[in-house]
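K.L.:
Chain by chain, the residues:
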Amino acid sequence: MPPLVSLSGVAKTFANGLKALDGIDLDIARGEFLSLLGPSGCGKSTALRIIAGLTPPTAGTVAWSDAPDGDHRGEIGFVFQEPTLMPWADVAGNVGLPLRLRGQSRREAWPRIEESLERVGLREFAHAYPGELSGGMSMRVSIARALSLRPKLLLMDEPFAALDEITRFRLNDDLLRLHRELGCTVVFVTHSVFESVYLSHRIAVMTPRPGRIAATLAVDPAQRRDEAFRSSAQYASLCGKASRALADASGPGRPS
Amino acid sequence: MRRAGPGRDRAQARDARLRVALPLVVCIAGLLAWEAYVRLAAVPPYILPAPTLIAATLVTDRHILLASWLVTLETALLGLGLAVLGGVALAVALSLSRIVEYAVYPLAVALQVTPVVAVAPLLLIYLPESVAVLACAFVVAFFPILSNTMLGLQSVDRNLLELFALYGQPVGRSTAAARFRARAKALWHLRRPAALPSFLAGLRIAGGLSLIGAVVAEMAAGSAGASSGLAYRIIESQYRLNIPRLFAALVLLITTGILIYLLTSAVSHRLLRRWHPSALTPER
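Quick mapping for you: the protein sequence lines, in order, are chains A and B. Residue 226 in the numbering used here sits at position 226 of the first sequence; the count goes up by one each step and never skips. Residue 229 in the numbering used here sits at position 229 of the second sequence; the count goes up by one each step and never skips.
Please keep in mind that the hints were generated in silico from the structure rather than gathered at the bench. Treat the hints with care, since some could be wrong.
[Said to hold, decoys possible] Some chain B residues flagged as far from chain A (calculated, every beta-carbon gap over 12 Å):
1. P23
2. T60
3. V88
4. L127
5. N159
6. A165
7. L166
8. N242
[What the hints assert, rightly or not] Covered stretches of chain A, as calculated for chain B (at least 3 residues, CB under 8 Å):
9. 72 to 82
10. 98 to 110
11. 120 to 132
Note that CB positions come from ideal geometry on N, CA and C, so glycine has one too.
Given only the sequences and the hints, what does the whole structure look like? Please build it.
P.N.:
In structure tokens form, the structure reads like this:
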């Protein structure tokens with residue numbers, strides 16, 4: 001089966017001369033959970049933004065296997081590092097925003113809004129305002145918003161970095177459940193080795209300045225991800241492997 | 001989630017009572033001291049009238065004062081209304097087009113820094129008096145609305161704008177009309193609500209300023225004024241040494257200013273209470 005999206009030779013140089021990405025080749029398979037793992041400032045977020053079409057690459061191509069010329073932005077859900085909610089709109093208004101922008105009325109959007117909120121377990125909070133929610137709940141709303149268009153591809157930019165560990169673990173499990181239920185493809189940016197191993201089918205380890213893919217690690221997709229996995233020897237050895245790959249990629253003598 | 005326990009409610013109610021009672025107590029104490037001083041020192045009313053005399057003048061001169069008050073109030077509110085319409089319309093135009101912003105904004109700043117007292121005599125030459133007075137109220141109230149609304153329109157979360165780029169904007173056919181439509185969409189869904197708190201802050205400032213503008217222009221028009229607002233009454237009372245009436249007119253002006261402030265604050269609170277930090281009571 002052809003990959004959902006292929007990046008070939010993607011490079012990005014910013015106007016100030018900073019080379020963020022250089023020669024990224026990456027096939028994103030249908031239905032996979034792919035993590036981009038790297039130190040901060042290695043261009044992971046830039047890569048994600050290029051996949052989303054939010055910023056054009058300076059070289060290389062991003063190709064969708066079906067309808068390469070079409071507008072794919074309706075098939076993408078994007079989750080930022082912060083929840084990025086509109087404080088003036090209630091939870092339902094925030095979740096329904098992508099639908100509203102695509103021209104649906106609130107009433108037309110309502111079933112989808114309810115469905116998305118149901119998926120993240122926030123159905124009874126539809127009329128709460130973001131200021132009334134905790135950090136974890138805000139992030140759930142943000143994920144529900146990304147799901148409202150039923151995207152094929154979910155792009156997540158260090159979504160749980162600002163959350164406490166307990167909340168992060170719970171959201172990790174919820175994300176895995178959503179991935180199973182929806183069968184969508186996820187590209188997940190993180191700087192946490194443990195998080196990437198726990199979540200992913202495949203981990204692309206990136207080098208900093210310029211960002212390149214240094215190594216790819218596979219984690220058996222059939223592996224059950226739960227507390228037992230988290231404390232297993234297999235998990236520890238995978239984390240060790242990923243950590244070494246990350247250290248190699250960052251290189252000795254490279255400023256971190 | 002915010003929670004409101006009974007203890008918290010009681011503390012809040014006490015706080016609200018204090019906020020009303022304390023200024024009242026200070027005000028009444030001041031008035032009593034004033035009254036006592038005037039009586040004990042036997043100050044003649046043409047130097048300093050006692051509060052009771054001012055109150056009596058408010059009642060006896062009510063027909064003259066009420067008519068003047070309505071003239072000034074109408075000028076201030078109309079000026080404020082026009083300033084809101086003009087300021088918001090211009091802010092939106094400036095935020096939609098950079099060219100317009102470069103061309104017009106410096107002129108708006110120039111208008112703002114020109115003292116309205118200096119412009120009033122000119123306006124009185126070129127315009128009929130009532131229109132000139134209205135123009136002054138408009139000019140001073142206009143800029144706070146414009147600059148605050150512009151600030152608000154520009155202070156949108158960058159990530160939210162990216163979200164709009166992802167979901168809202170047309171791709172490929174990047175015609176000027178399509179770009180304009182996308183901007184208008186972002187304006188309505190994103191910039192309009194984001195700008196609301198700043199706009200309301202501007203409105204509160206402009207409310208007071210519109211009254212000041214109206215008074216300044218009436219003063220510049222002076223005794224030549226055909227329509228007689230409160231400022232005209234003040235000047236007239238000064239010429240006639242009718243100091244109690246002067247004070248009575250002043251009391252009406254101050255009351256009007258406070259009422260405008262309370263009104264704009266209430267509007268602001270009502271519109272922001274669900275979500276803006278300024279309108280939410282802090283958790284203690």
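K.L.:
Next, verify each hint and record whether it holds.
P.N.:
Verification of the supplied hints:
No beta-carbon of chain A is positioned within 12 Å of the beta-carbon of P23/B; the least distance is around 30 Å. Under the 12 Å C-beta cut-off, the non-interface status given to T60/B relative to chain A holds; the minimum distance is some 51 Å. For V88/B, the non-interface assignment is confirmed: its Cβ lies about 17 Å from the closest Cβ of chain A, beyond the 12 Å cut-off. Distance check on L127/B: its Cβ is at least 40 Å (rounded) from any Cβ of chain A, clearing the 12 Å threshold; non-interface status holds.
In this structure N159/B is not separated from chain A by more than 12 Å, as the shortest Cβ-Cβ distance comes to only about 4 Å. Not every CB of chain A is more than 12 Å from the CB of A165/B (nearest about 6 Å), against its label as outside the interface. A beta-carbon of chain A comes within 12 Å of the beta-carbon of L166/B; the shortest separation is about 6 Å. Distance check for N242/B against chain A: the nearest CB is about 52 Å away, which clears 12 Å, and the non-interface claim stands.
Check on the region 72 to 82 of chain A: 6 of its residues sit with their Cβ under 8 Å from a Cβ of chain B, so the three-residue criterion for coverage holds. For the region 98 to 110 of chain A, the stated coverage by chain B holds: 4 residues have a C-beta nearer than 8 Å to a C-beta of that chain, and at least 3 were required. With a threshold of 8 Å between beta carbons, the proposed coverage of the region 120 to 132 of chain A by chain B holds, since 5 of its residues qualify and at least three are required.
In terms of the numbered hints stated before, the structure departs from hints 5, 6, 7, listed from lowest to highest.
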